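Asks: Full structure from sequences and hints, please.
Chains Z and D, in that order, give the protein sequences.
In terms of numbering that gives the first Met the number 0, the first sequence opens at residue 0 and continues consecutively.
In terms of numbering that gives the first Met the number 0, the second sequence opens at residue 0 and continues consecutively.
A portion of the hints provided could be inaccurate.
You can't tell identical chains apart in this list, so a pair holds if it fits in one copy or across any two.
Subject to a maximum C-alpha distance of 20 Å in a straight line, what follows is the list of computed SDA-like cross-link-like pairs (lysine to any residue) [to be verified]:
{"no.": "1", "residue 1": "Lys69", "residue 2": "Asn45"}
{"no.": "2", "residue 1": "Lys69", "residue 2": "Arg47"}
{"no.": "3", "residue 1": "Lys69", "residue 2": "Asp156"}
{"no.": "4", "residue 1": "Lys69", "residue 2": "Gly109"}
{"no.": "5", "residue 1": "Lys69", "residue 2": "Arg44"}
{"no.": "6", "residue 1": "Lys69", "residue 2": "Trp127"}
{"no.": "7", "residue 1": "Lys69", "residue 2": "Pro141"}
{"no.": "8", "residue 1": "Lys69", "residue 2": "Gly2"}
{"no.": "9", "residue 1": "Lys69", "residue 2": "Trp46"}
{"no.": "10", "residue 1": "Lys69", "residue 2": "Leu130"}
{"no.": "11", "residue 1": "Lys69", "residue 2": "Arg96"}
Since the hints were made in silico from the structure, they are not lab data.
None of the values given here were measured: they were computed from a predicted structure.
Number of protein chains: 2
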Amino acid sequence: MNGVPPRDAPERSPRHATSLFILNTGDGKGKSTAAFGMVLRALARNWRVAVVQFVKSGEWRTGEEAMCRKLGVDWWSTGDGFTWDSENIDETQAIARAGWEHARSTIGAGEHELVVLDEVTYPIAWGWITLEDVVRTIRERPPIVNVVATGRDAPSDLVELADTATEMVNLHHAFDAGIGARRGIDY
Amino acid sequence: MNGVPPRDAPERSPRHATSLFILNTGDGKGKSTAAFGMVLRALARNWRVAVVQFVKSGEWRTGEEAMCRKLGVDWWSTGDGFTWDSENIDETQAIARAGWEHARSTIGAGEHELVVLDEVTYPIAWGWITLEDVVRTIRERPPIVNVVATGRDAPSDLVELADTATEMVNLHHAFDAGIGARRGIDY
Chain Z
0 MNGVPPRDAP
10 ERSPRHATSL
20 FILNTGDGKG
30 KSTAAFGMVL
40 RALARNWRVA
50 VVQFVKSGEW
60 RTGEEAMCRK
70 LGVDWWSTGD
80 GFTWDSENID
90 ETQAIARAGW
100 EHARSTIGAG
110 EHELVVLDEV
120 TYPIAWGWIT
130 LEDVVRTIRE
140 RPPIVNVVAT
150 GRDAPSDLVE
160 LADTATEMVN
170 LHHAFDAGIG
180 ARRGIDY
Chain D
0 MNGVPPRDAP
10 ERSPRHATSL
20 FILNTGDGKG
30 KSTAAFGMVL
40 RALARNWRVA
50 VVQFVKSGEW
60 RTGEEAMCRK
70 LGVDWWSTGD
80 GFTWDSENID
90 ETQAIARAGW
100 EHARSTIGAG
110 EHELVVLDEV
120 TYPIAWGWIT
130 LEDVVRTIRE
140 RPPIVNVVAT
150 GRDAPSDLVE
160 LADTATEMVN
170 LHHAFDAGIG
180 ARRGIDY
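Replies: The following block contains the structure:
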C-alpha cells in the first residue's frame with residue numbers, strides 16, 4: 000500500500016469455477032483456523048460440511064469440534080492423539096489410513112459442498128497414505144465439492160493442484176516467548 | 000518434516016498469558032478467515048465476542064456476518080463499502096473513524112474476551128486513524144480481552160506488539176487464473 004486508498008475497482012474475473020481446492024500450508028499459525036473460518040462461511044450458506052481431522056485426537060474436546068458438531072458438521076477425528084503419545088505406532092497408522100478411506104469416500108459421494116482435510120499433509124509425509132491417491136481423489140472429485148486441505152510442508156503436487164495455495168509464515172509466535180497454548184485461542 | 004513422525008513431546012511452556020494479541024497480515028488469503036475461525040473457537044468456550052469491520056460494507060450480507068450475528072457476536076460494520084465505490088471520501092473517513100472509536104471503547108470496556116479488528120491496517124495506512132492510538136489501545140487493554148487484528152502491510156509497531164504475528168503469503172491464487180470470488184468460499 001502506498002498510503003492512498005484505491006479508487007479503481009479491480010477487473011472482474013471472467014468465469015466462475017464449479018468448486019475450488021484451497022490449500023493452507025507453512026509453519027505459521029492459522030492454517031486450520033482459516034479452514035474453520037471457511038466452515039463458518041459455508042454453514043451460513045446452508046452448505047453441507049464434512050471435516051476429517053488426521054492428527055488431532057478425537058479424545059480432545061476442541062472448541063472447533065464442539066461448535067462444528069453443534070452446527071451440523073459431519074465430523075470425523077481420525078487421529079488417536081499426537082504421535083508422541085501413541086503406544087502403538089502401527090495402530091496410529093491404521094487409524095490414519097481408515098481416516099483417509101473415510102475422506103476419499105466422503106469426497107467421492109458428492110454429498111457435501113465443503114470437505115476439510117485437516118492436517119492431511121502429515122500422514123502423506125510419513126508415508127501412511129499416498130500423495131498420488133490424495134491428488135487423484137481431489138482432482139476427480141464431483142464438481143460441487145470444494146476441498147480445503149491444511150498442514151505444514153505441503154508437497155508441490157498438492158500446491159500445483161490448488162486453486163488457492165497460501166503459506167502461513169510465522170513472523171513471531173507466542174510460544175517463542177514462553178507463553179503456553181491457551182484454551183479458546185489455540186484449541 | 001523429515002518423513003519420520005515425532006516421538007518426543009515439545010517442552011511445556013512455563014507461563015500462561017492473561018490474554019493475547021494476534022495479528023494476521025500479508026498479501027495472501029486467510030487473514031480474516033482465520034480470525035473468524037478464532038471466533039468459532041471462542042464461541043465454543045462461551046466467550047463474548049465483538050467484531051469490528053473497517054473496510055467491508057455493512058450493506059454486504061456476508062456469510063460470516065450472518066452466522067456471527069446468529070451466534071450472538073456483537074458485530075459492527077464500519078465501512079461503507081470499498082473505497083472505490085465511495086462517492087464521498089470524507090464521509091468514508093468519518094465512518095472509519097467512528098468505527099475506531101467504537102472499537103476502542105469496546106476494547107476498553109473489557110466486556111468481551113475476544114475483539115476482532117478486521118482489516119484495521121487499511122485506515123491506519125490511509126492516515127484515517129493513528130497507529131499510536133491503536134497500539135496504545137491494544138497495549139493498555141483490560142487483561143481479559145484477546146484482540147485479533149487483520150489486514151495487509153501491518154506496520155512494524157503492530158507486528159512487534161503481537162504475541163503471534165502471521166504473514167499469509169500467496170503461493171498462488173484462484174483469481175490469478177481468472178476464477179472469480181465465490182459465494183460461500185470468499186464471502
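Asks: Now tell me, hint by hint, if it's right for this structure.
Replies: For each hint, the structure was consulted:
1. In this homomeric assembly, Lys69 and Asn45 come within 20 Å of each other (Cα to Cα) both inside a single copy, at 14 Å, and across copies, at 13 Å.
2. Taking the shortest Cα distances, Lys69 and Arg47 sit within 20 Å of each other both inside one copy (13 Å) and across copies (18 Å).
3. Taking the shortest alpha-carbon separations for Lys69 and Asp156, neither the intra-copy value of 35 Å nor the inter-copy value of 39 Å comes in at or below 20 Å.
4. Taking the closest pair of Cα atoms, Lys69 and Gly109 never come within 20 Å of each other, the shortest separation being 22 Å inside a single copy and 28 Å across copies.
5. Taking the shortest alpha-carbon separations for Lys69 and Arg44, both the intra-copy value of 16 Å and the inter-copy value of 13 Å come in at or below 20 Å.
6. For a Cα distance limit of 20 Å, the shortest separation of Lys69 from Trp127 qualifies neither inside one copy, at 31 Å, nor across copies, at 40 Å.
7. Taking the shortest Cα distances, Lys69 and Pro141 never come within 20 Å of each other, neither inside one copy (27 Å) nor across copies (31 Å).
8. Taking the shortest alpha-carbon separations for Lys69 and Gly2, neither the intra-copy value of 43 Å nor the inter-copy value of 36 Å comes in at or below 20 Å.
9. Both within a single protomer and between protomers do Lys69 and Trp46 lie at most 20 Å apart by alpha-carbon distance, with minima of 15 Å and 16 Å respectively.
10. For the homomeric pair Lys69 and Leu130, neither the shortest alpha-carbon distance inside one copy (32 Å) nor that between copies (39 Å) is at most 20 Å.
11. Within a single copy, Lys69 and Arg96 get their C-alpha atoms no closer than 27 Å, and across copies no closer than 37 Å, so neither meets the 20 Å cut-off.
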